[in-house]
Amino acid sequence: MTGPFILLHPNDNVLVARKLAPEGTNVELASGTITLTQAIPLAHKIACRDIAEGERILKYGMPIGITTHAIAAGAHVHVHNIRSAYTPTYALQDANGQSAEVSS
Amino acid sequence: MKQQFQGYLRADGRKGIRNTIVVAYLVECAHFVASKIVAGFDDNDVQLIGFPGCFPNEYAARMMERLCTHPNVGGVLFVSLGCESFDKVRASKAVSDSNRPVETLVIQRSGGTAKTVATGKGWVRSALTKVAQVERAPMGVDELIIGTICGGSDGTSGISGNPAAGKAFDLLIGEGAACIFEETGELISCEDIMVERAATPELGKELRAAVEKAERYYATLGYGSFAAGNAAGGLSTIEEKSLGAYVKSGDSQIMGLIKPGDVPPKGGLYLMDVVPDGEVRFGFPNISDNAEIVEMIASGAHMTLFVTGRGSVVGSAISPVIKICANPDTYRALEDDMDVNAGAIIEGLRSIEEVGQEIHDLVISVAKGAQTKSEILGHREFILTYKTFEPIGPSCLPTV
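Residue numbers (the working numbering), protein chains in the order written: chain E, 295 to 398; chain F, 854 to 1253.
The set of hints was computed from the structure by calculation and includes no laboratory data. Since we're looking at a predicted model, the values are computed, not measured. Where is the CB? At the ideal position from N, CA and C, for every residue including glycine. Fair warning: there could be bad hints in the mix.
[Stated by the list, open to error] Okay, the calculated bits of chain F under chain E, using three or more residues with CB under 8 Å as the criterion:
1. 995–1009
2. 1076–1083
[Said to hold, decoys possible] Every beta carbon over 10 Å from chain E, so not counted as near; a handful from chain F, in silico:
3. Q857
4. Q859
5. F894
6. K974
7. R1061
8. G1086
9. G1097
10. I1140
[As the list claims (entries may be wrong)] Taking CB as the label site, the calculated pair distances span:
11. L301/E to G1029/F: 34 to 42 Å
12. R1185/F to E349/E: 30 to 38 Å
13. P316/E to T1053/F: 46 to 54 Å
14. A1072/F to A333/E: 32 to 40 Å
15. D895/F to Q332/E: 35 to 43 Å
16. A1223/F to E349/E: 13 to 21 Å
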């Protein structure tokens, strides 16, 4: 993968930002080039392909959660669209500055 | 080549890399007086620790004994109000049995605040001369106990700082050191891969049971071991945080499972089970990072590797803290507080192996007496709260 994102494991369905990726950044994915519709901060994740609702998110090749909504390739993957398979995540606000949210 | 340095030899045969007098308050009501006694002394020579509660607790009593007889400690002054439940006679006996100078001041019998402070300062001054005469002896890496924790984690922690700490652990264990990783609440989802690394199948069962206990405990509390800042830093779930935290353990075989205050009987890698046993009591297992650091120290840790992404600035009483910054942006913002820049891995400037070697070399130089950033800045945080533990099972430790 090119640019500011890294694929940590070949089985992963998310990429991790190695530095802040500004809105409008073009990212080459297997399905083609997408343009970020929002800035992605360092160490946040985007989907590297379309992911259906209820699918597992894989990072380091390991499951880190389950999608609560369908996620389009290139979209931000975080507390607003995935949940833990164990205990809920407590967040004051997400990276977009949106209101407090507990994904359950 | 085996690295050697000069340790402080204690009567039990253990050796320290620091030689500190601790002033320990035995209830919050004695905290102020104890802090006044410590004020004005050098941060390295005299440090404040204590337990705030007035109600008795076996865990706290045992932790205090372990901390006050830690090889980095040369002498102890207990400061009691007088009417609290803490068993000061038992604590004092544990220290005097270890051949360390010890004194207990009871504020109610010492004339109150000002007189107790004056008496306490006088005792510390005379104890400093005694403590300075402690015998030095050659000490090797195979006599070191090193802990690791992560705090203020973000999405960089699991990619740079934690894998580098894991490499350092592998190197230190290869030279015979005992290394401890912990926070079973942050190993949720890692049970299967972790159990495969256990030295025996029986130990594997104990490791799995410890993580399952953590999962139940946190489910009852309603929160995982997860702070709001973790999410702001890109971590979405406890299992994502766990996988990042787990790699601090490196690749070595897991030799044992210990609980706070249990000292590893020989070199190798140990998991510390920090989640209380029995029904949920007294609240969250460890209310902040320093509670975990204190438990490592009670298990004999000479120093702690602290991996941070968001940017913790803490140090610790008794044992130095080496801060490894996983996030390159945080490193630039808080460089004066960070010992190692693991963020360079994310920027593609250094490899995990290189940073792991740097951490290993820093451990040796801190053992030789070099000060960490938090030591230089005067950080000497300490917290001890209520908990309940059962003793570890027979399969938890390797045979010596």
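Now the hints, each set against the structure:
1. 995–1009: holds (count 3)
2. 1076–1083: holds (count 5)
3. Q857: Check passes; 38 Å lies beyond 10 Å.
4. Q859: holds (41 Å)
5. F894: holds (40 Å)
6. K974: Given that every Cβ of chain E is farther than 10 Å from that of K974/F, nearest at about 44 Å, it holds.
7. R1061: holds (15 Å)
8. G1086: It is violated; G1086/F is separated from chain E by about 6 Å at its closest Cβ, not greater than 10 Å.
9. G1097: The assertion about G1097/F is violated, with a minimum of 8 Å to chain E.
10. I1140: holds (15 Å)
11. L301/E to G1029/F: 34 to 42 Å: holds (38 Å)
12. R1185/F to E349/E: 30 to 38 Å: holds (37 Å)
13. P316/E to T1053/F: 46 to 54 Å: Check passed, 52 Å falls within 46 to 54 Å.
14. A1072/F to A333/E: 32 to 40 Å: Holds, since A1072/F and A333/E (Cβ atoms, about 35 Å apart) stay within the stated range.
15. D895/F to Q332/E: 35 to 43 Å: violated (51 Å)
16. A1223/F to E349/E: 13 to 21 Å: With Cβ atoms ~50 Å apart, the hint is violated.
Of the numbered hints stated above, those contradicted by the structure are hints 8, 9, 15, 16, listed in ascending order.
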